[in-house]
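There are 2 protein chains.
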Amino acid sequence: MSNRKVALGIDFGTESGRALLVDVTDGHEVATAVFDYENGVIDEALPVEGEPVRLDPEWALQDPEDYLKALKVAVPAALKAGGVDPDDVIGIGIDFTSCTMLPTTADGTPLCMLPEFRRTPNAWVKLWKHHASQPEADRINEAARARQEPWLARYGGKISSEWFFSKVLQILGESPEVYEAADVLIEGGDWLVWQLVGEQHRNASTTGYKAMWSRQDGFPSPDFFEALDPRMRNVIAEKMTEDIYPIGAKAGGLTERAAGWMGLRPGIPVAVANMDAHVSVPGSSVTGPGRMVMIMGTSTCHILLGESEQPVEGICGVVHEGVVPGMYGYEAGQSGVGDIFGWFVDHAVPPEYHEDADRRGISVHKLLEEKAAGQKPGEHGLLALDWWNGNRSVLVDGDLSGLLIGATLSTRAEDIYRALIEATAYGTRVIIEAFEENGIAINEIVASGGLPERNPMMMQIYADVTGRAFKLAGSNLAGALGSAMFGAVVAGAAQGGYDTIQEAALKMTRLKGRVYEPVADNQAVYDLLYAEYLRLYNLFGRGKNQVMKTLKAIRNKVRE
Amino acid sequence: MSNRKVALGIDFGTESGRALLVDVTDGHEVATAVFDYENGVIDEALPVEGEPVRLDPEWALQDPEDYLKALKVAVPAALKAGGVDPDDVIGIGIDFTSCTMLPTTADGTPLCMLPEFRRTPNAWVKLWKHHASQPEADRINEAARARQEPWLARYGGKISSEWFFSKVLQILGESPEVYEAADVLIEGGDWLVWQLVGEQHRNASTTGYKAMWSRQDGFPSPDFFEALDPRMRNVIAEKMTEDIYPIGAKAGGLTERAAGWMGLRPGIPVAVANMDAHVSVPGSSVTGPGRMVMIMGTSTCHILLGESEQPVEGICGVVHEGVVPGMYGYEAGQSGVGDIFGWFVDHAVPPEYHEDADRRGISVHKLLEEKAAGQKPGEHGLLALDWWNGNRSVLVDGDLSGLLIGATLSTRAEDIYRALIEATAYGTRVIIEAFEENGIAINEIVASGGLPERNPMMMQIYADVTGRAFKLAGSNLAGALGSAMFGAVVAGAAQGGYDTIQEAALKMTRLKGRVYEPVADNQAVYDLLYAEYLRLYNLFGRGKNQVMKTLKAIRNKVRE
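Residue numbers (this note's numbering), protein chains in the order written: chain A, 1 to 560; chain B, 1 to 560.
Hints were generated in silico from the structure; no laboratory data involved.
Just to be clear, a hint being listed does not mean it is correct.
One copy or two, either will do: identical chains are not told apart, so a pair holds if it fits within one copy or between any two.
To be verified - Straight-line C-alpha distance at most 27 angstroms; calculated DSS-like pairs for lysine-lysine:
id, residue 1, residue 2
1, K552, K69
2, K557, K129
3, K129, K72
4, K557, K250
5, K5, K80
6, K239, K512
7, K549, K129
8, K5, K239
9, K549, K69
10, K69, K129
11, K158, K250
12, K552, K507
13, K552, K5
14, K69, K544
15, K544, K5
Values in this document were obtained by computation on a predicted structure and should not be read as measured data.
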C-alpha cells in the first residue's frame, strides 16, 4: 500500500452508474468513469426473448444486471484512468435512486432473473419513477387517514405512488405469485450493498423516507398492513427486517466475489447505501443546520438538517439520521423545475430562436437566458404558477397545473421563460418560509445538480426572490463525492479516512467561488410579485378556486 | 343608359381602399378593385421631405391624399374590370374606418396639406388605432364621471382613447396652433363624402358612436367641454355642426370634379358615410332585431339592432339610426381575437409545426386547426382568459391581460391554440348574455369578416359555446356590399334602386349555405367550462383579484 488514500464513491442514477475515485486528503477527484445501463429505463416492453411483454403506460422498470455491470465496468475503468493502485482504496460508499425496489429470493437473487418470473413485469426492479402504483398509493393514504396513522404527519400528510409500499401493494394485487415467492422486498441500494458485503444491511434513509419507518416507531403496524390486504399483515416480519442502520454506518467488508468484479482487494469497508439526492448534502459540504441544499435538475429536491423533529407542512419527509448521523434530515421538493423550462423550449419557442441558437452554436436555453437577462424584475409583466408537473411541496397535489397570467400581444418567448424561472424561485421561497414558520432557520443555500452551473441568471433570480445568498457546490459530481466521503468515514481515521462526516466534509469538499447575493432593488420588486404569487398559490392551491381540478376532472371524463 | 343597374360601394380600410360594383337586381358582385394606400399607416415618421419628423409610440396617422387616390385608381379599375358602363351606376355608398379624424380649413382642405402644417403630426389624419390620446381619454372619463354626464351610460360607462374628442383634446393640448387653424374637425368618412358631393353631411353613426352625440340630446354641453379646456367650450359651434344625417340618408349628388376623378357621371346620388364594421350588418343581410352580426378579424365587432334603447353593461355604444334607419344600433366588441391567434402562431409555436406547414403548403393556423379539430371539448384540460389585448366588452378595461391555466408537461401547441379560440368564444357568450339580461334577444348569429370563412373549427366551437346557430355572410366583402346597398337606397326605387335598406338586403344579399348548429354533447361540456371561465372573468376582471393591474403597474414603474 502506498501513502495515497483514495475513497470510492459509486453513484447509481436513472440511466447510468458512475464510479468516482477521490483523494481522501483534499477531496481531489482523481478519476471517474460511467457505465450506461444497457437496458436503461424499461418502459415499453421487457428485454426478453420471444413474444414481447409490453408494459402499460406509467410503468418504469430496470434490470438488476445493469447495476452489477456498472460495478464491473465503471470501477476498473476509473482505477485505470486515474492510475490508482487498488491497494490505495480505503473505503467504498454508494448512492442509488429511490424508491427503486425489487423482490428477491432469500439469497438475494432478483426474482426477475429466475426463468419462471422472467416474463412477469412485477418481478423486475420498479424504478423510482414507476407511477403505475397510484391507485395503491391512494388506498394507503385513505387507510392511513381513516385509521389516523401517526406516521402520516412525518410525510406532510400524504405518501406517494413512487414509494415502497405502494409498489409492494401493486405486486401483491397484480402478481400474488411474485409476492408469495419473494423472500425479500428491498431497495435497490440496499440490495447492491448486500451484493458487495454478502449480507443485508438496510439503511435508515430510504427506509425512513420511502417505507414509513422511523427509529422511534418502527414500521406501520401489522394491523395497518392487514387493513390494506390481509395477506400483507406480516410483510415486515416475513420479507423485510427491522435492523436498520443509520447513514454513515459500515455495512461490512467487500467480499472476495465483489472484489473480483471490480479489481479491488477484499475486505475494504463499505458504507450502508444512501439516496442519490441526499448524499449530495455532505457532498455539497453541508453537514449541519442552517444551510439548505437544493439539488436542481428536472425537479428540485430541498434538503435541510435539523437538531429536532418539527412538523412542517407538505414536506416529503423528516428522518432521523436519514442524511447525516446525529441529525434529522428534512426533505422537500418541487416536482417541476428543469422539466418546465425544457417543456417550454421544446413546445413553445418559435423557429427564429432555434435558428439563431443553432447559428451561434448555443442552446436555446442559453439564448433565452441572454435575451431575458437584461430585463429588470417585473418588466415582462407576467406571473406564473410553476405547477406544470403538479406541486410536491408544500401542497402535495399532483392534480394542480400550470398558470400564466399577464400575457399581452407584446409578450415574447424570453419573457415567458423568465417568468417560469421566477415562478420556480417563488415556489422555493414558499418552502423556505414553511420551514422557517416552524422554527427551522435557513440562512444560506447551496445549489448542486446540473442546472445551477449552467444558469447564472436563474441563480441570481433565486437569490433576489428568496433574499438568501446562493452558493454552488464545488463538485459537479456532488452525489458520487458524497458517497466517496462515506467510504472515507467507514474506513475511519485509523485507516487514513475520517471518523465523522463533518471532518470528511471539511477536508474533502469546497464551494465554488461565485456567490449569488440578493440585490436590494430586485428584492423589493420581487417582494411585491411574490405577494401576488402567494395570493394565486393559496387561491388555486388550497381549494378556494377549484378550476385546476375541475379541468382535470372534465379532461379525464371526456377521454374515457 | 342601358337596362343594367349597378351600385358602387367604396370601403376605406386601414391599409387600402376597395371599390365594388354590384348588380342592384340580385346582388351579383360584378367587379372589384383595390388601391393600397401609398403611405399606409404612418407610425414611425411623417412622409415629408428633409429632416425626418419622428412619431412617438402609439401614434398612427394617415395621409388624406391616399383616400383620394383610392377613388381615382380603384373605381376606374373596377369599372374597367367589370366592363361596366358608367351610365349604369345609379348610386354610391362609402364606408370608412372610425374614429379616423382630421382638421381642415373651411373649404375642406386638410391642414396637413398646407405647407405651414406639413411637418406638424397633429395636423394629419389620426387613424382609428392612434392610441396616443389615452391621457386625454382618461381626462374625459374623469370629468364625465365627476359631472355625472348622462351620455356616459350610452357608452357602457367609459369612452376610449380612439374616440373623437380624445383626439381633439390631444391636438389642442399639444398643437394649439393646429386647433386654432382648424375651421372644421371631421371624421374621415364625412370628409370624403364632402369631397364627393361638395358639402358637409355628417352621419349619425360615427357621430353617435365616437363623438358622444345622440339625436335626442345632441353633443355634450359647452360646460362640459369647458371643464376639459376653456378653449374648447365652443368646439361644436365653431368647428363641428349639429346637422347630423341618419344612416341611409342622401348626402347629395356627385360633383363634376369628383365624377371626373372616378370616370362617373355627375349627379349620381351619394349616401352619407358609414362605419366599415357597421355597414357589414345590412351587407350580411341583417336589417332587423334578433340576429347579431359579428365582424370577426383581428378583433371582433358585435352589432345588434333593437327597437328601443336599453342600457347594457360594457357595450361600445347604442345609437339611434346608427346602423340602419329606424332602429337602435348596439355595438359591443372583443379587442383581441384574430390578433391573439396571430400572436400565438408568431411567438409560441415550435419549429416542427412551421416546417410541417411549409412542407404541406398550408398555413400554421390551418395545421393547428387540423391537429386540434379532433379533440373533444375539455380534452386539452386548459382554460384561457382572452385578454391579450385587454377587454372591450363588457369590462371596458385595457389594463386586463391574458391568462392560461391548466398547463402540464403534456400540453402541446394545438391544445393552447384551441383553448385560445374557445376563450374568445366564451368572451362572445358573455356579451350575448349581457344583451339578453337586458331584454335584447339574440336568436342567431351571422359571422362576417376574414376569420369565419377560414376557420370551420372555430365556427363550430362558437356555436357549441354560445348554444346559437352561426351562419356566414354570403359575401366576403360584406362592408363594400353594404355600402353599395346604401348607394342603391339613395338612388331609390324610381331610379332602379330600392326605397329601404330592408328591400335592398332582401334582393342584394344572401347567407352562405353552411350553418354551424350547436351539438348538444359539446354544449354540455362547454357549459361546465364556461362556468369556470365566468368565475375567472369575474375574479380577475371585476377587481376582486387585482393581479393583472398590479403586474402592469409594476411593469410601468420598473420601465420608467
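Hints, one by one, checked against the model:
no.	hint	verdict
1	K552 with K69	neither (42 angstroms within a copy, 57 angstroms between copies)
2	K557 with K129	within (25 angstroms within a copy, 44 angstroms between copies)
3	K129 with K72	within (25 angstroms within a copy, 72 angstroms between copies)
4	K557 with K250	neither (52 angstroms within a copy, 60 angstroms between copies)
5	K5 with K80	within (16 angstroms within a copy, 97 angstroms between copies)
6	K239 with K512	neither (45 angstroms within a copy, 73 angstroms between copies)
7	K549 with K129	within (22 angstroms within a copy, 40 angstroms between copies)
8	K5 with K239	neither (39 angstroms within a copy, 97 angstroms between copies)
9	K549 with K69	neither (44 angstroms within a copy, 59 angstroms between copies)
10	K69 with K129	within (22 angstroms within a copy, 69 angstroms between copies)
11	K158 with K250	neither (32 angstroms within a copy, 77 angstroms between copies)
12	K552 with K507	neither (51 angstroms within a copy, 51 angstroms between copies)
13	K552 with K5	neither (56 angstroms within a copy, 60 angstroms between copies)
14	K69 with K544	neither (52 angstroms within a copy, 60 angstroms between copies)
15	K544 with K5	neither (59 angstroms within a copy, 66 angstroms between copies)
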